[in-house]
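Chemist: Heads up, the sequence shown is in our numbering, so the first residue is 3 and it goes up one at a time.
I should point out that these hints are in silico values taken from the structure, not numbers from a laboratory.
Values in this document were obtained by computation on a predicted structure and should not be read as measured data.
Built from N, CA and C at the ideal position, the CB exists for glycine as well.
Please note that a few of the clues may not be correct.
Stated by the list, open to error - Each pair of labels, with its calculated beta carbon distance range: (1) Gln489 with Ser627: 56 to 64 Å; (2) Gln489 with Ser777: 53 to 61 Å; (3) Asn165 with Met368: 46 to 54 Å.
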Amino acid sequence: MKSLTVLAPLLLCVTLLFSSLNVASDSAAEALAILKWKASLQSQNHSVLLSWNTSNNPNTKTSPCALFGIHCNHADSVTKINLTGYGVKRTLHSFPFSSLPNLAELDLSINELYGIIPHNISQLSKLTYLDLSYNQFSGQIPPEISHLFLHLQTLHLAGNQLNGSIPQELGQLKFLTDLALCSNKLNGSIPASLGKLSRLLSLILFDNSLSGPIPPDLGNLRNLVEVYLDTNSLTGPIPSTFGNLRKLSVLSMFKNSLSGSIPSELGNMESLSEISLYHNNLSGLIPTSFGDLRHLTVARLYENKLSGPIPEEIGNLNSLVYLELSENQLNGSIPASLGSLSNLEILHLRDNRLSGSIPNEIGNLMKLIVLELDHNNLTGNLPQGICRGGSLEYFTAADNQLTGPIPQGLKNCTSLKRVYLERNRLRGNISEDLGVYPNLRFIELSDNELYGEVSSNWGLCRSLQSLSIARNNLSGTIPAEIGNSRQIHRLDLSSNHLVGEIPKKISKLTSLLYLYLNGNKLSGSVPLELGLMSKLLCLDLSANQLSNSIPETIGNLSMSFYLNFSVNRFSQRIPIQVGKLTRLFHLDLSHNMLSGEIPGEFQSLQSLETLNLSHNNLSGEIPASLEKLRGLYTVDISYNELQGPIPNCQAFLNASVQELGRNKGLCGNARGLPPCTPFSKKGHNNNKTFLVVMFSLLSVSCLLISSIALLFAFKRKKDTDEERQSNASDGIFFSVTSFNGRILYKEIIRATKDFDAQYCIGKGGYGNVYKAELSSGDVVAVKKFHSLHTGEMADQRQFLNEVRALVETRHRNIAKFYGFCSSAGHSVLVYKYLERGSLASVLSKNEESKKLDWNKRVNIVKGVVNALSYLHHDCSPPIVHRDITSNNILLDLEYEAHLSDFGTAKLLNPDSSNWSNIAGTYGYIAPELSYTMQVTEKCDVFSFGVLALELIVGAYPGEFLSNLSILTAESIPLNNVLDQSLSPPPPEVVNKLVFILELAVSCLNINPKSRPTMHTVSQLVFDHI
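Input sequences plus hints: build the corresponding full structure.
Modeler: Rendered as structure tokens:
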């Protein structure tokens, strides 16, 4: 017994010794396993990974715990690995899952890991925290993750490229508190089994392609604090069981296709602070139970089909900061109870059917910053106390039936930044009702019944960027002081009763892009100083009483694309300097007293589409060089003294009798004109001797010619018939639809009544676009090219080859191409019809552009990026579009972008230098094309940069393109370029827009080699948007 007492301590020491040896051995094995994985990584240059070197740290020979980012327990066994954001690049196939038995936390987020998530990740049996988010993992979520059900609490797989459905086995993770699978490519339905995760606090599934209904079982998750299901394709109703989620703080389900009414049970979510249900198909009433959500700060229900009145009970939400109910079908009056929302800062009620007057109680909202009431049926006066709190910055009530004066409260509201009150019936003396606004950037008062003079106080509004008071009853002169508002880029005083001269100091507005003074009674000369406004894009001085000559300095407006001086009293010659305006697409000098010849310099106006010189005293011949204006579509030269041949281009040849008539002696192959003869040349009227000699020769030759004509008459008829048959048989019909090519062509002829004008939906320099409804019910867009001249047919075979290559393109963001037809009669391209038309047309219409909100614009950028990346990098050979403009971006009903019009596209041969004629639209063409003529993908990249900037600005961004060499993202802050017709973007969108702006600037680099490829752009967009 005594001997056992002596041996016991000895046995314990031996046991502890062997135990410590085993621990040291296990620890060394874990270290070696981690270092072996480190050796397999592609990128090991990061300082953290460089520190994983046992030769520099002897301690790591037996323990991994000294390695940076590795944490161990008291037994030197690895329990935590955190390498977030350290540039780790590799798959996880060689990760030592089986060698880390005590690992509890694994964070590899924000790296460059790719490949699939291995199934043997389930070997980490003690894992409580797993974060693989913001990498490049693909494939499906392994259902084996459910084997971690004993301990796993956090599962973050966001921001990858995972696809497939969400495994229903995830419902077995009974201790899970945080599940984030957002920003992937997951599809299928949300598994009902997630309703078993009773401890779940956070469910984040946004930005996927999930479909089907929301399972009511999610209403069982009574511990939920936040739910993000937005930006998917979910359908069906919002489950009423969500009323059980009394701890829920955030409910985000916007940008889906949810339908039905909003359940009144949501009023039971007593902890709710933010609800976002916008951009769905929800209908019915806003539940009165919403008045019980006393902690609610943000409610965004816009872009649905909600109807009925705004509940009075909303006035109970004392914590509410942001209320947006726009773009619904709400009716009735604005409840006075909204005046009780003492914390309200943003109120959006636009685009509804609200009626009645704006309640005076709105003046009680002392913190109000944004008030949007436009596009309703509101009547009565504007409330006097609308800016009582002195915080109002954005006020829009356009497109209502408001009457009365502009309230005194607005006169002293110096916080204002944007005011839109156009298209109402407001009356009052504008020179007395408005004050000085140091922060005001945009004010739109057009289409009212305002009177008085244009106040000199506008010159004191030093932040002003847009002033529009068109179509009112303003009188008096334009004050010279307006030239002090140096930031202004849009000035519209058109259709008033303004008199006097255009002040010379208006030239101080060097940032001005759009100047509309048409429809007034302005007189005198156009000031020479107008030529100093070098950024001007659009100038309309029509319908005034301006006189004398058009100043030569007009040639300095090199950025201008629209110029209208019609219906004035201008005399003398057209200045040849107009030929310098190479970006001009609309020029109207009609109804004046201009004399002399049409300048030959007009041949430089290669962007010109519309030319109107009618009702003047122009004489001489039309310069033959105008036939080079291939983009010219409409021309009117009537009521002049012109003579001789008309130019041989489509605009002149297709002109009507009215557009060419009432001249001295025009001839040519156009309707209503006699054919030209040798005597149609200049000076034939004075050469009588030549006429006599020619008459004699003709009479002598007459008999001989008649004889020859008889001999060949029958042969010519026969040849003509054969030629027609040959042309018909040589027609090329090419279709990729179920239609036979010839049948498709006959269908188009029938559907458009042989291209009748009533079916024309678009016109361009190279052809017109028609809408055709086929007998199958399909609707297609048909682009019919103008007839080609003989000399232009040489490259038709190459063009057909390119068309055939385009048929192979298959991409969701490229307009679906049905086929091509070329016959003796017509050449047409057939595309899928897209309902909303071109992006350019949407942006140009005030009401349509407002529907194109910031999220839609971001999505359009993504769509165009995807399409161009596909053309440049997934097609063989690569395809360069060469005409990326807002005119060639078509939008479907969901505002999804589709790239169209490949008329100028070019297949890049990798073995050639790809030299080409310039193609594309001025203002979008890469600068290097003007001197290298070499087509590369970087030409499209530049055009994309212009387009991206256009989407942010809301119009062609010519102001920012005038000096590309100094263009930087810092030189154009986001707040200075945002389209002011829209509400300010919400915080979650601002960062996306900043990124797009920076991306656009990089694409506009004057050096093509410094521009990113569209593949790089695509990756950046995927990572940041």
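Chemist: State for each hint whether it applies.
Modeler: Each hint tested on the structure:
{"no.": "1", "hint": "Gln489 with Ser627: 56 to 64 Å", "in the structure": "violated (41 Å)"}
{"no.": "2", "hint": "Gln489 with Ser777: 53 to 61 Å", "in the structure": "holds (57 Å)"}
{"no.": "3", "hint": "Asn165 with Met368: 46 to 54 Å", "in the structure": "holds (51 Å)"}
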